[in-house]
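Number of protein chains: 2
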Amino acid sequence: MVAQAIVFTLAALAATASAQTYRRTGACPQLGCIWPPDQSEFIAGQVFDIRLEVQAPANGSAPFNGGVPYPEFVLEIGGHGTELTPISNFYQIAEPPVEEHSFSYYEDLFYEQNKTKTLVHALSKSYRHVTLYNPGEYVLKLSYNGGMTTIAHWTVLPLAEKPCAKNVILFIGDGMTSSMATAARMLGHKSINGKYQSRLALDDAPGFGLQMTHSIDSFITDSANSATALYSGKKATVNGLNAYTDSTGDAFNDPKFETVFEMGRRINNAQVGIVSLAAVSDATPAAVVAHTSQRSQSDAIVKQFLEGVTSNFSWTQWDGPDVLFGGGAADFLPRPSNNNESQIDRFAAKGYGVVHDNSSLWELPNTERALGLFSSSTMPTWLDRNVFTKNMETYKAWDGSAGTPDVPGLKDMTLKAIDILHARSKAAGTPFMLMSEAASIDKQMHISDYDRALGELLELDATVRATLQHLKDIGEDENTLVVVTADHGHGFDVFGSADTEFLIAQETNSTKRGAIGTYQQSGLSAYQVAAGNLPTNNTKVVGPHGEGFPVNWSPRYAAAWGLSADVDRFENFVVHDLSNPLPLYSPRENSVELESGDYEANPEDGKGGFFVSGVLPVSGDQGVHSLTDVPVYSWGPGHELFRGIQNSVDIAFK
Amino acid sequence: MVAQAIVFTLAALAATASAQTYRRTGACPQLGCIWPPDQSEFIAGQVFDIRLEVQAPANGSAPFNGGVPYPEFVLEIGGHGTELTPISNFYQIAEPPVEEHSFSYYEDLFYEQNKTKTLVHALSKSYRHVTLYNPGEYVLKLSYNGGMTTIAHWTVLPLAEKPCAKNVILFIGDGMTSSMATAARMLGHKSINGKYQSRLALDDAPGFGLQMTHSIDSFITDSANSATALYSGKKATVNGLNAYTDSTGDAFNDPKFETVFEMGRRINNAQVGIVSLAAVSDATPAAVVAHTSQRSQSDAIVKQFLEGVTSNFSWTQWDGPDVLFGGGAADFLPRPSNNNESQIDRFAAKGYGVVHDNSSLWELPNTERALGLFSSSTMPTWLDRNVFTKNMETYKAWDGSAGTPDVPGLKDMTLKAIDILHARSKAAGTPFMLMSEAASIDKQMHISDYDRALGELLELDATVRATLQHLKDIGEDENTLVVVTADHGHGFDVFGSADTEFLIAQETNSTKRGAIGTYQQSGLSAYQVAAGNLPTNNTKVVGPHGEGFPVNWSPRYAAAWGLSADVDRFENFVVHDLSNPLPLYSPRENSVELESGDYEANPEDGKGGFFVSGVLPVSGDQGVHSLTDVPVYSWGPGHELFRGIQNSVDIAFK
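Going down the list, the protein sequences come from chains A and B. Heads up: the first sequence begins at 50 in our numbering, then just goes up one per residue. Heads up: the second sequence begins at 50 in our numbering, then just goes up one per residue.
Derived by calculation from the structure, the hints in this document are not laboratory data. Treat each hint with caution, since some may be false.
Since the list can't tell identical chains apart, any single copy or any two copies may satisfy a pair.
The list that follows gives simulated cross-link-like pairs (lysine-lysine, DSS-like), each with its CA atoms no further than 25 Å apart [said to hold, decoys possible]:
1. Lys-352 with Lys-656
2. Lys-166 with Lys-352
3. Lys-475 with Lys-460
4. Lys-703 with Lys-244
5. Lys-215 with Lys-521
6. Lys-244 with Lys-190
7. Lys-589 with Lys-190
Because the structure is a prediction, the values reported are computed rather than measured.
Let the sequences and hints guide you as you build the complete structure.
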């Protein structure tokens with residue numbers, strides 16, 4: 050009854066003008082903001098910026114002082130038995146200037162519908178490039194607006210005296226969940242009477258756990274702030290790359306924090322490699338070194354890859370990764386937004402070997418830094434490179450010309466990156482760190498192309514298997530921690546099978562749905578028998594792509610699968626293949642834009658299938674990320690630390 | 050190119066009359082069947098039946114010998130360096146009689162649409178109650194139909210010389226996935242700026258892994274054959290309880306195999322307890338001791354609880370569990386199908402203390418065997434018992450009268466069961482084994498009532514926490530292995546939040562969908578602030594049900610969640626509560642039956658919400674199980690064995 054009483058007392062006090070759909074400022078529920086905010090954790094010696102904001106809404110549901118914030122505000126820090134001390138005294142630095150800005154926002158969807166914005170005036174200060182060396186608990190107190198206070202508790206974690214692993218390889222299966230790994234296993238491996246005859250490489254990881262992916266101020270994350278959490282140990286706001294999102298709307302003035310890759314380079318002179326099947330300016334590869342609250346700033350991100358943060362603010366010195374392989378060459382070509390300056394030339398001028406196809410990739414010397422840009426934007430999927438090769442027509446090469454089959458996959462890029470990092474780290478006597486991303490698990494899940502998404506997962510699995518073997522071959526397996534995880538999930542699962550022949554032969558939506566087999570009628574994996582055979586064939590057959598991949602990607606009895614949230618669409622469960630006369634779009638386009646800007650199901654995609662209405666806003670054309678914890682697989686020294694259930698930020702600390 | 054060649058050769062040989070949606074006989078793709086089939090694993094000394102079938106289709110796509118199976122067939126066994134020996138020689142037993150039967154089935158959905166069945170004649174033999182004591186590999190060869198052969202490989206695993214734990218407590222979160230645990234954590238625990246202030250008890254398990262749930266002959270499982278796998282180490286066909294499903298259609302003549310609970314009783318005289326929030330005749334509790342290919346045989350299951358398998362065939366002696374607590378009293382009351390004989394009286398006559406409410410439960414002596422039947426069918430959910438108490442009207446007490454609030458939850462039943470098992474095992478100097486099931490995670494997921502499903506998961510979590518503490522209190526924590534797992538999943542995930550006020554205020558389907566907030570607009574958990582507060586309130590408040598449960602189950606900003614496959618329905622994301630004037634059905638009835646027998650969305654359920662069409666056959670009215678691997682959490686001696694990725698059958702062996 051005591052607890053009950055507390056509830057109702059607090060309910061009566063409720064009077065905040067920040068709602069759920071929209072917030073006045075992320076990670077700052079009060080009118081005074083401290084970044085890094087309450088509950089932040091740091092690695093001892095990790096560099097970061099401190100920012101203070103003091104706000105006063107001029108209108109809306111809770112105006113303050115006519116919209117005028119009090120000009121006096123001070124941040125104090127205490128800890129280790131010391132009294133609260135003004136931050137400028139603590140660091141023996143001059144007080145930075147007070148800046149002024151205003152912003153406006155909708156308090157909720159009703160305010161938005163009525164086009165009524167709340168205006169807020171704010172004052173701010175930033176203390177750039179500071180750190181805390183002594184592990185322990187700190188308290189921060191911001192006093193502002195004539196008597197208000199905001200408190201933050203910070204924890205500084207000790208840097209391991211003796212790191213358990215010399216080298217680190219981090220694989221990100223973007224958007225990967227354990228339900229996807231389950232489905233990929235069923236596609237790629239033969240089960241006879243309930244017993245798998247082979248398994249995923251991931252299945253045999255000696256370390257296995259889960260991590261929580263939520264953002265700092267929303268329970269669903271995007272790939273920018275989730276990669277940020279994995280690489281820096283800091284939760285951030287959606288779209289933020291190693292920076293907290295303040296209320297200015299400016300992409301570059303936000304408080305930054307250092308990544309473990311930057312720390313590895315600064316402290317140990319580590320070799321750093323970045324590999325992705327996405328455009329390299331995309332969130333997951335960008336987050337290795339970029340600092341901006343807006344992941345869409347591709348020009349700035351490309352520049353930060355080469356020289357770090359140089360404009361406006363002091364920051365850790367950075368002179369480029371040892372390896373940068375992936376797609377997204379368009380962001381490196383001369384264009385108005387980058388002053389028509391070829392970024393590829395700038396890399397070349399700094400001594401990078403530059404390649405654009407798989408043959409040239411393997412000719413690169415292992416001793417030199419390397420830039421490989423293999424497509425104009427996202428690189429081709431494993432399925433299109435290897436099985437449905439007509440779909441390669443839909444990709445563009447690095448210079449915008451027609452795509453070439455001589456394009457590397459994740460395995461090629463990763464193994465070559467290891468060779469370069471290994472040779473260079475051996476020569477310099479330094480450790481190496483590699484981030485390698487299977488980006489299109491996510492990209493294909495977004496457009497409900499489950500076959501392609503799982504093909505990417507199987508390629509990741511094959512890459513991990515090859516990497517573990519390669520580390521053994523070069524004698525680095527006992528020095529190298531290998532971690533495979535995801536940045537977030539999609540609410541994907543398999544719920545049965547679809548008799549695609551029967552489905553397409555039916556006339557109505559409801560009779561077509563009768564083609565879905567659930568429970569015992571789901572049957573066995575039809576992807577593990579040769580075309581024309583039925584899944585009850587209990588013989589183990591290895592397909593053209595070797596063990597671990599389907600024998601047949603276009604079975605009559607296809608997996609029936611989907612997302613817990615999607616847009617309006619037609620589903621026929623047939624693999625999308627430009628050479629299929631149905632026809633089937635590839636890449637999938639499950640919805641089309643109307644004149645109003647809203648989207649509706651595209652009857653040309655999923656032809657012969659049944660209509661399914663979605664649950665997501667009609668303003669979007671694809672699926673979204675989900676809440677689920679994602680898997681963490683680990684091998685090598687220190688893998689024990691990655692067992693069990695952990696927060697995403699713990700990955701960086703470990 | 051060699052692999053490619055193999056593929057096409059085998060494709061050319063394809064000629065089996067078993068399809069995917071329907072199979073001639075599960076786990077038997079050839080015309081000669083051996084049960085236990087190829088790839089079976091046994092614990093040394095585990096008792097099982099062997100069954101042989103020889104089939105000949107009379108018509109259909111692949112008739113054989115005019116539908117006449119050859120009368121001569123023989124099974125040989127070899128292994129341990131011994132030559133193949135006829136099975137009757139190996140066991141020194143007389144050949145059992147050959148039996149004859151026929152059955153018919155649809156080869157696929159087109160055959161079904163045309164109402165064309167294939168008729169099959171079959172001969173069979175069963176060798177009952179055999180075992181294998183010597184660990185190792187065995188080969189079985191069935192010769193039949195004038196030259197055909199079917200081969201099976203069996204493995205017998207050694208029984209641990211010295212068991213690592215004396216006692217075992219197995220919790221089953223029916224239908225539970227790690228995505229549900231993630232969602233339950235968000236409902237029940239406060240996160241401040243990305244850092245949880247408390248966690249699930251499950252999150253802190255020292256052992257964590259996943260297990261694969263698929264059936265022997267379909268990749269989606271039901272709760273009968275999945276519980277069978279967990280308790281006996283044998284994959285089976287959907288609906289099968291510790292028996293393989295032969296082609297006769299008879300529920301009781303199928304080949305059986307012993308469960309680890311039966312083995313514990315037979316070998317160590319272990320005390321056995323069974324606790325469930327479902328009817329105790331439901332699949333998960335029934336699978337502890339029942340043997341039938343049809344989980345729906347509730348009369349037989351209730352009899353098998355008390356006396357084991359007694360009719361027709363020899364089997365392990367069994368004289369009842371020490372504790373049987375749950376719902377489903379209707380199956381124990383006199384009715385025509387059980388010869389109007391009260392099964393409760395039969396339990397009482399064997400010395401069981403019988404109770405029907407929570408107060409009486411706690412008055413039971415710990416020294417006597419006990420039967421607790423607390424409701425007519427499924428027991429009330431945690432949410433209805435504790436929060437939406439008006440919904441208790443929808444439940445019936447054990448005798449069919451109106452439900453009472455004096456009904457135990459999972460924690461009550463489990464702790465009392467432990468007290469009885471502990472007292473009795475201490476007195477007898479024997480170990481104890483308990484299975485405790487949070488049944489309605491599954492039952493509520495089936496009807497898309499996510500709030501109730503996750504309430505059940507939080508109750509399971511609180512029960513596990515209390516159990517670990519109770520084991521410490523009684524000094525049994527170092528002797529007791531505690532494992533929490535699931536039998537299968539549902540394709541559930543959270544994809545954002547829903548502004549329920551805005552949603553209901555909109556007029557059209559598409560404007561209502563605009564109330565869904567994704568990514569940064571999902572915001573923070575509104576379940577962790579008092580009613581009237583907004584989720585941005587960063588204060589930790591403990592609600593009336595203590596830490597680990599929501600403070601507020603009916604927030605304006607509700608979680609937006611769903612299944613990867615569902616039926617047609619209306620969604621408003623408001624918790625279902627009979628006292629809500631919307632009105633909202635409880636239990637949820639998201640679809641209603643039409644005259645045709647098909648189902649369509651029920652506009653009275655989810656009123657004010659938007660319509661969503663499903664992907665499942667319109668012949669059903671609820672969601673289905675999914676493929677995903679499910680979590681395994683473990684504590685106590687031997688928990689290390691349950692780390693990583695394993696098959697469901699491995700749980701029994703460990």
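To see whether the hints hold, each was checked on the structure:
1. Lys-352 with Lys-656: Result: close neither inside a copy nor across copies, 44 Å intra and 53 Å inter.
2. Lys-166 with Lys-352: neither (36 Å within a copy, 69 Å between copies)
3. Lys-475 with Lys-460: within (22 Å within a copy, 58 Å between copies)
4. Lys-703 with Lys-244: So Lys-703 and Lys-244 pass the 25 Å test across copies only (16 Å; inside, 35 Å).
5. Lys-215 with Lys-521: So Lys-215 and Lys-521 pass the 25 Å test inside one copy only (15 Å; across, 41 Å).
6. Lys-244 with Lys-190: between (59 Å within a copy, 19 Å between copies)
7. Lys-589 with Lys-190: between (66 Å within a copy, 19 Å between copies)
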